[in-house]
Amino acid sequence: GAVVSQHPSRVICKSGTSVKIECRSLDFQATTMFWYRQFPKKSLMLMATSNEGSKATYEQGVEKDKFLINHASLTLSTLTVTSAHPEDSSFYICSARDRRLAGPHRADTQYFGPGTRLTVL
Amino acid sequence: QKEVEQNSGPLSVPEGAIASLNCTYSDRGSQSFFWYRQYSGKSPELIMFIYSNGDKEDGRFTAQLNKASQYVSLLIRVSQPSDSATYLCAVLRDSGAGSYQLTFGKGTKLSVIP
Chain Y
1 GAVVSQHPSR
11 VICKSGTSVK
21 IECRSLDFQA
31 TTMFWYRQFP
41 KKSLMLMATS
51 NEGSKATYEQ
61 GVEKDKFLIN
71 HASLTLSTLT
81 VTSAHPEDSS
91 FYICSARDRR
101 LAGPHRADTQ
111 YFGPGTRLTV
121 L
Chain U
1 QKEVEQNSGP
11 LSVPEGAIAS
21 LNCTYSDRGS
31 QSFFWYRQYS
41 GKSPELIMFI
51 YSNGDKEDGR
61 FTAQLNKASQ
71 YVSLLIRVSQ
81 PSDSATYLCA
91 VLRDSGAGSY
101 QLTFGKGTKL
111 SVIP
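Residue numbers (this note's numbering), protein chains in the order written: chain Y, 1 to 121; chain U, 1 to 114.
Since the hints were derived computationally from the structure, they do not count as laboratory data. Virtual Cβ for every residue (Gly too), placed ideally from N, Cα, C. A portion of the hints provided could be inaccurate.
[What the hints assert, rightly or not] Using 30 angstroms as the maximum straight-line C-alpha spacing, the simulated DSS-like pairs for lysine-lysine come out as follows:
| # | chain 1 | residue 1 | chain 2 | residue 2 |
| --- | --- | --- | --- | --- |
| 1 | U | K42 | Y | K14 |
| 2 | U | K56 | Y | K64 |
| 3 | Y | K20 | Y | K55 |
| 4 | Y | K14 | U | K67 |
| 5 | Y | K20 | U | K56 |
| 6 | Y | K55 | U | K56 |
| 7 | Y | K64 | Y | K20 |
| 8 | U | K106 | Y | K64 |
| 9 | Y | K42 | Y | K14 |
| 10 | Y | K42 | Y | K64 |
| 11 | Y | K64 | Y | K14 |
| 12 | U | K56 | Y | K66 |
| 13 | Y | K41 | U | K106 |
| 14 | U | K106 | Y | K66 |
| 15 | U | K67 | Y | K55 |
| 16 | U | K109 | Y | K41 |
| 17 | U | K106 | Y | K42 |
| 18 | Y | K64 | U | K42 |
| 19 | Y | K55 | U | K109 |
| 20 | U | K56 | Y | K41 |
| 21 | U | K67 | Y | K66 |
| 22 | Y | K20 | U | K67 |
| 23 | U | K67 | Y | K41 |
| 24 | Y | K20 | U | K106 |
[Unchecked claim] Looking from chain Y toward chain U, a few residues come up when the C-beta cut is under 8 angstroms (computed):
| # | residue |
| --- | --- |
| 25 | P40 |
| 26 | K42 |
| 27 | T49 |
| 28 | S89 |
| 29 | G113 |
| 30 | T119 |
| 31 | V120 |
| 32 | L121 |
[Said to hold, decoys possible] Beta-carbon label-pair distances, calculated as ranges:
| # | chain 1 | residue 1 | chain 2 | residue 2 | range |
| --- | --- | --- | --- | --- | --- |
| 33 | Y | T119 | U | E5 | 44 to 52 angstroms |
| 34 | U | N22 | Y | Q60 | 50 to 58 angstroms |
| 35 | Y | K41 | U | D27 | 23 to 31 angstroms |
| 36 | Y | E63 | U | K42 | 21 to 29 angstroms |
| 37 | U | N7 | Y | K20 | 36 to 44 angstroms |
| 38 | U | R77 | Y | G53 | 42 to 50 angstroms |
| 39 | Y | R100 | U | D94 | 17 to 25 angstroms |
| 40 | U | D55 | Y | G16 | 50 to 58 angstroms |
Pulled out of the complex, with its shape left as it was, chain U reads as follows (with noise of 0.2 angstroms):
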């Protein structure tokens, strides 16, 4: 069974302040890994990916790669209250004849506290 792992929360963090959010996963050959931030009642929308081991940054955000510990962690620097959100952790697997198919974790719920 490939799993995506996350704590659920809720992550309360005051605003201005770093929130960091973490995921493993069991398949070791996984490739590419996603964040997406989901607002209540909405769909998921696309923050980052990454796939080389080490830190990629874009704006506030910061993802990390470690694949030798199957770990990936998002940073959201000077968080703000619209940063309160559900945010998913995904892991990209070939499921086959150049299919490519997403596993999602459970998600981490974050709370920007004004």
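Next up, chain Y with everything else stripped away, as it sits in the complex (with noise of 0.2 angstroms):
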């Protein structure tokens, strides 16, 4: 199948610095990326749809200005979490859609990176 990266997998940062994690497609376009958020025990909670070339639609709840997507090419989008705070530890996952293959039954495009943990002092 296809194969999604992300960067870092793992982040240990002070609170009240920015973290930038990167999610690429590596092996075709994905016009859409999703990006979820999941605490210990929770379930996947989408925080916001990037698509590539305009803003991303975000989740009730979810503060744009805290979370910065941008989705500048195909294959890649990024997500800072700024002036992290310890309440925003969790482990962040990304997903991407393949662009050849649309249309409402095919999720099974979506293709889910390895996650990244951060984690906030």
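Build the complex: two chains, separate frames, hints provided.
Here is the structure:
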């Protein structure tokens, strides 16, 4: 299957700093990428939908000024957690949809990255 | 609020037995349903998807969908210790303008006892 990478896989930072997470589709072009957050023993919560060349669509309750998303190319989306605080500590996972396979039943083309574990001290 | 409900478990089954995982959803208009497996500390991996009422089989896995009851299940036959993981049910919804998003349940933790 298609490969999605995330970098870094793990990051520890001090409160108040900003952290950038990269999500790349390695062997396909992704017009749409999704950013999820997962707290321990909780489900994946969609944070935002990122479309190449346009502004991200954020889910209700997600601060767009705190979680900056940039989808500058068909293979790269970035999530920047600005002024991170301990409550932002979580597992951040991206997924990418293969543009060649569209349609309502094709979520099998939504490939997940390995995740980034963020710990804010 | 569009919700996906799962029993959090843990569900314990002996090796070789059938594991039955259940999921209900609130949005009657939902069309596509997915089961993901997630090992601890890892991201989800797709096991199966189903969008027609009835059963769909793939190897040891069978997904069952009943849209009238808004119920979807996953059966794992001949359970193996390597099947021990959290299983996430996800429902695809149309978020408008041709965009589709997955809504996940909280997951059911399965433990297969050797």
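Outcome of the hint check:
1. A C-alpha spacing of about 24 angstroms is found between K42 of chain U and K14 of chain Y, which places the hinted pair at or below 30 angstroms, so the restraint holds.
2. With a C-alpha separation of about 40 angstroms, the suggested pair K56 of chain U and K64 of chain Y falls outside the 30 angstroms cut-off, and the hint is violated.
3. Annotation: proposed proximity of K20 of chain Y to K55 of chain Y holds, straight-line Cα distance about 17 angstroms (limit 30 angstroms).
4. Using a Cα cut-off of 30 angstroms, the hinted pair K14 of chain Y and K67 of chain U is violated, with the two alpha carbons roughly 48 angstroms apart.
5. Taking the CA atoms of K20 of chain Y and K56 of chain U, the gap is about 41 angstroms. The hint is violated against a cut of 30 angstroms.
6. Between K55 of chain Y and K56 of chain U the alpha-carbon distance is near 38 angstroms, which puts this suggested pair outside the 30 angstroms criterion.
7. With a C-alpha separation of about 14 angstroms, the suggested pair K64 of chain Y and K20 of chain Y falls inside the 30 angstroms cut-off, and the hint holds.
8. As the CA atoms of K106 of chain U and K64 of chain Y are separated by approximately 24 angstroms, the hinted pair is consistent with the 30 angstroms bound.
9. Distance restraint check for K42 of chain Y and K14 of chain Y: the Cα-Cα separation of roughly 24 angstroms lies within the 30 angstroms cut-off, and the hinted pair is therefore satisfied.
10. The straight-line distance between the Cα atoms of K42 of chain Y and K64 of chain Y is roughly 22 angstroms, inside the 30 angstroms bound, and the hint therefore holds.
11. This hinted pair checks out: K64 of chain Y and K14 of chain Y have alpha carbons roughly 21 angstroms apart, not beyond 30 angstroms.
12. Between K56 of chain U and K66 of chain Y the CA atoms are separated by roughly 42 angstroms; this puts the pair beyond 30 angstroms, and the hint is violated.
13. For the proposed pair K41 of chain Y and K106 of chain U, the alpha carbon gap of about 8 angstroms is at most 30 angstroms, so the pair holds.
14. Between K106 of chain U and K66 of chain Y the CA atoms are separated by roughly 25 angstroms; this keeps the pair inside 30 angstroms, and the hint holds.
15. Restraint check for K67 of chain U and K55 of chain Y: the C-alpha separation of about 35 angstroms exceeds 30 angstroms, so the hint is violated.
16. Distance hint between K109 of chain U and K41 of chain Y is fulfilled; the C-alpha atoms sit about 10 angstroms from each other, no more than 30 angstroms.
17. Among the hinted pairs, K106 of chain U with K42 of chain Y is consistent with the structure: their alpha-carbon atoms are about 6 angstroms apart, no more than 30 angstroms.
18. Simply put, K64 of chain Y and K42 of chain U have alpha-carbon atoms about 26 angstroms apart, close enough for the 30 angstroms limit, and the pair holds.
19. For the hint linking K55 of chain Y to K109 of chain U, the alpha-carbon distance of about 36 angstroms lies beyond 30 angstroms, and the restraint is violated.
20. Restraint check for K56 of chain U and K41 of chain Y: the C-alpha separation of about 29 angstroms stays at or below 30 angstroms, so the hint holds.
21. Simply put, K67 of chain U and K66 of chain Y have alpha-carbon atoms about 39 angstroms apart, too far for the 30 angstroms limit, and the pair is violated.
22. A hinted pair counts as satisfied when its Cα atoms are at most 30 angstroms apart, and K20 of chain Y with K67 of chain U does not qualify at roughly 41 angstroms.
23. Straight-line distance between C-alpha atoms of K67 of chain U and K41 of chain Y comes to about 28 angstroms, which keeps the hinted pair within the 30 angstroms bound.
24. Restraint check for K20 of chain Y and K106 of chain U: the C-alpha separation of about 27 angstroms stays at or below 30 angstroms, so the hint holds.
25. With a cut of 8 angstroms, the hint placing P40 of chain Y at the interface with chain U is violated, because the nearest CB-to-CB distance is about 10 angstroms.
26. Of the supplied interface hints, the one on K42 of chain Y holds, with its beta-carbon coming within about 6 angstroms of a beta-carbon of chain U, less than 8 angstroms.
27. Annotation: interface hint on T49 of chain Y holds; nearest CB of chain U at approximately 7 angstroms, less than 8 angstroms.
28. A least Cβ separation of about 14 angstroms between S89 of chain Y and chain U goes past the 8 angstroms threshold, and the interface hint is therefore violated.
29. The restraint placing G113 of chain Y at the interface with chain U holds, with a minimum CB-CB distance near 6 angstroms, inside the 8 angstroms limit.
30. Checking T119 of chain Y against chain U: minimum C-beta separation of about 13 angstroms lies over 8 angstroms; hint violated.
31. About 18 angstroms separates the beta-carbon of V120 of chain Y from the nearest beta-carbon of chain U, more than 8 angstroms, and the hint is not met.
32. Restraint check, L121 of chain Y versus chain U: the minimum CB separation of about 20 angstroms is more than 8 angstroms; hint violated.
33. At about 30 angstroms, the beta-carbon gap between T119 of chain Y and E5 of chain U misses the expected band of 44 to 52 angstroms.
34. Between N22 of chain U and Q60 of chain Y the C-beta distance comes to about 28 angstroms, which lies outside the given range of 50 to 58 angstroms.
35. A hinted range of 23 to 31 angstroms for the beta carbons of K41 of chain Y and D27 of chain U is consistent with their spacing of about 24 angstroms.
36. For the hinted restraint 21 to 29 angstroms between E63 of chain Y and K42 of chain U, the CB-CB distance of approximately 27 angstroms keeps it satisfied.
37. Evaluation of the 36 to 44 angstroms hint for N7 of chain U and K20 of chain Y yields a pass: the beta carbon distance comes to about 37 angstroms.
38. The hint said 42 to 50 angstroms for the Cβ distance between R77 of chain U and G53 of chain Y, and at roughly 46 angstroms that hint holds.
39. A C-beta distance of roughly 20 angstroms is found between R100 of chain Y and D94 of chain U, which places it inside the suggested range of 17 to 25 angstroms.
40. A hinted range of 50 to 58 angstroms for the beta carbons of D55 of chain U and G16 of chain Y is consistent with their spacing of about 53 angstroms.
Checked against the numbered hints given earlier, the structure breaks hints 2, 4, 5, 6, 12, 15, 19, 21, 22, 25, 28, 30, 31, 32, 33, 34 and satisfies all the rest.
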